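These are the residues of each chain, in order.
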Amino acid sequence: MSHKSSSAKIWRKFGSRYPYPEGQVKLITWSVVHAAPLGLEDQVPYTVAIVEAEDGERFTTQLVDIASAKLKYGLKLRPTLRRYFTDGVEGLIHYGVKYTI
Amino acid sequence: MNKPAIKTEGPYVSVAGVGITKFGELWGQDLRDLAVAATKDALLDSGLHLEQIEAIFVANMNGGLFTGQEHIGALVAAELGVDLPAWHIEAACASGAAAVLLARESVLSGKYRNVLVVGAEKMTDVDAGLVTTGLAAAADEEWEAYQGATFPALYAMIAREYFRKYAKDSKPTREDLALISVKNHRHGSLNPKAHFPREITVADVLNAPMVAEPLGLLDCSPVSDGAAAIILSADNVRGASRIIACEQAGSNLALHNRAEITELDATVKAAAKAYSHTGLTPKDIGLVELHDCFSIAELLAYEDLGFARKGYGAQLIREGVVSREGRLPVNTSGGLKASGHPVGATGIKQIIELHLQLTGRAGDRQLDKAPVYGLAHNVGGSGATAVVSIMKAN
Numbered sequence: 101m102s103h104k105s106s107s108a109k110i111w112r113k114f115g116s117r118y119p120y121p122e123g124q125v126k127l128i129t130w131s132v133v134h135a136a137p138l139g140l141e142d143q144v145p146y147t148v149a150i151v152e153a154e155d156g157e158r159f160t161t162q163l164v165d166i167a168s169a170k171l172k173y174g175l176k177l178r179p180t181l182r183r184y185f186t187d188g189v190e191g192l193i194h195y196g197v198k199y200t201i
Numbered sequence: 428m429n430k431p432a433i434k435t436e437g438p439y440v441s442v443a444g445v446g447i448t449k450f451g452e453l454w455g456q457d458l459r460d461l462a463v464a465a466t467k468d469a470l471l472d473s474g475l476h477l478e479q480i481e482a483i484f485v486a487n488m489n490g491g492l493f494t495g496q497e498h499i500g501a502l503v504a505a506e507l508g509v510d511l512p513a514w515h516i517e518a519a520c521a522s523g524a525a526a527v528l529l530a531r532e533s534v535l536s537g538k539y540r541n542v543l544v545v546g547a548e549k550m551t552d553v554d555a556g557l558v559t560t561g562l563a564a565a566a567d568e569e570w571e572a573y574q575g576a577t578f579p580a581l582y583a584m585i586a587r588e589y590f591r592k593y594a595k596d597s598k599p600t601r602e603d604l605a606l607i608s609v610k611n612h613r614h615g616s617l618n619p620k621a622h623f624p625r626e627i628t629v630a631d632v633l634n635a636p637m638v639a640e641p642l643g644l645l646d647c648s649p650v651s652d653g654a655a656a657i658i659l660s661a662d663n664v665r666g667a668s669r670i671i672a673c674e675q676a677g678s679n680l681a682l683h684n685r686a687e688i689t690e691l692d693a694t695v696k697a698a699a700k701a702y703s704h705t706g707l708t709p710k711d712i713g714l715v716e717l718h719d720c721f722s723i724a725e726l727l728a729y730e731d732l733g734f735a736r737k738g739y740g741a742q743l744i745r746e747g748v749v750s751r752e753g754r755l756p757v758n759t760s761g762g763l764k765a766s767g768h769p770v771g772a773t774g775i776k777q778i779i780e781l782h783l784q785l786t787g788r789a790g791d792r793q794l795d796k797a798p799v800y801g802l803a804h805n806v807g808g809s810g811a812t813a814v815v816s817i818m819k820a821n
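Chains as they are written, first to last, in the numbering used here: chain A, 101 to 201; chain B, 428 to 821.
In case anyone wonders, no lab produced these hints; they're calculated from the structure.
Keep in mind the model is a prediction, meaning the values are calculated, not measured.
Check before you lean on any hint, since a few could be wrong.
Stated by the list, open to error - Here are the computed lysine-lysine pairs in the DSS-like style, where the Cα-Cα straight-line distance is at most 27 Å:
#1 B:595 x A:126
#2 B:696 x B:819
#3 B:598 x A:126
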């Protein structure tokens, strides 16, 4: 993650990455990650998931503030703005949408 | 319906010679040492001189990130002391088979008579976080890796969905996945070039530390150094083998964009092309080297390659069909799991294992009855690239 070396790269993605999505999504599948990539070492274990929006579109996201025992196929989830990671090479704090119950 | 005619007598592309290094943590060797060592062994095995080689295809995924070296085609040519055309071919973990495909086509075209294909990866000089990041770059960096999806996490999500979707069919469990790792380690224990040539138990797999739930450490192929090389020739080399089909297909880079999470459709499509090209069916195949980057990947491949119905792949491992004593031995090398996964070398190592088994030269792990047709299956990413090759003895 720390190899994202350009603030222009972050700015360029603003339009597609940061609009706050409307509505609930459905949980399809997930994994609790214990072996982290660069930049997420301090967040393990964290949960990544594939979720499905009401229009059927699927995407990959993180889940927060849910006990893993509560996770099940079809669980309804709502978006929440969270910190992704901090202090990459470009010195920026990355924010984005994660999902919770 | 009549069975299509088997068309395996077409233009020859022989595997004229093979060479492979030990796979593992090879602290004494760097990327160039490994590539050169495998190449020298392949040349010696082929009986050809370096002067008879006309082009070089080099498979490598992450040289730039893991070793700082780019321009890897030129690197290998320079280390060998030749001024031949040389290319670096990258298709993530399918780099090896993609290089074989292009090299084979270059021979079929008539442009070259003898070419070198060498795959190498040096992975253990950098820390685990960088390796995890580098491998995750084979997925969709923007929409998967950025969200924290690691490679094990993607296959873990496939496994969880597979368990749910087929709970009423073969009732697959983590124990079934463990049996796959146990089988591959048993096979690998006979392979002196394997990274981990030793047996493990189901309990070892189930009790191993979690990497990405529900996959533990022993559901995952290791991070390895190593290289593998073959010489492809337009000649009908006696006592050698030949590649009668080598076909590639693609799919969405991101797992979430695929119609089915529990199927690698690129594998299905590449296999269909390879079967169609040769007139063979899955029933004709007697030996398989498939892409078990994770235990769940091997289970999916049983189905996607046509050896089991969707949802019933677990029966093959439970009934021993895919063990070396079974009807369809899978991963006699030990697979990626036990043999190791130096990424660029893996697809070429698969071809070498088929070559050795088909020509009766596999040593301690030689199957009692050498099969007629072998199939190799090499996957890039979580299934955005798949290459399927079929081989037979000359």
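Going through the hints against the structure:
Of the pairs offered as hints, the one joining residue 595 of chain B and residue 126 of chain A holds, with about 22 Å between alpha carbons and a cut-off of 27 Å not exceeded. Taken as a hint, the residue 696 of chain B and residue 819 of chain B pair is honoured in the structure, with Cα atoms around 21 Å apart against an allowance of 27 Å. Restraint check: the Cα-Cα separation between residue 598 of chain B and residue 126 of chain A comes to about 24 Å, which is no more than 27 Å; the hinted pair holds.
Of the numbered hints given earlier, the model fails none.
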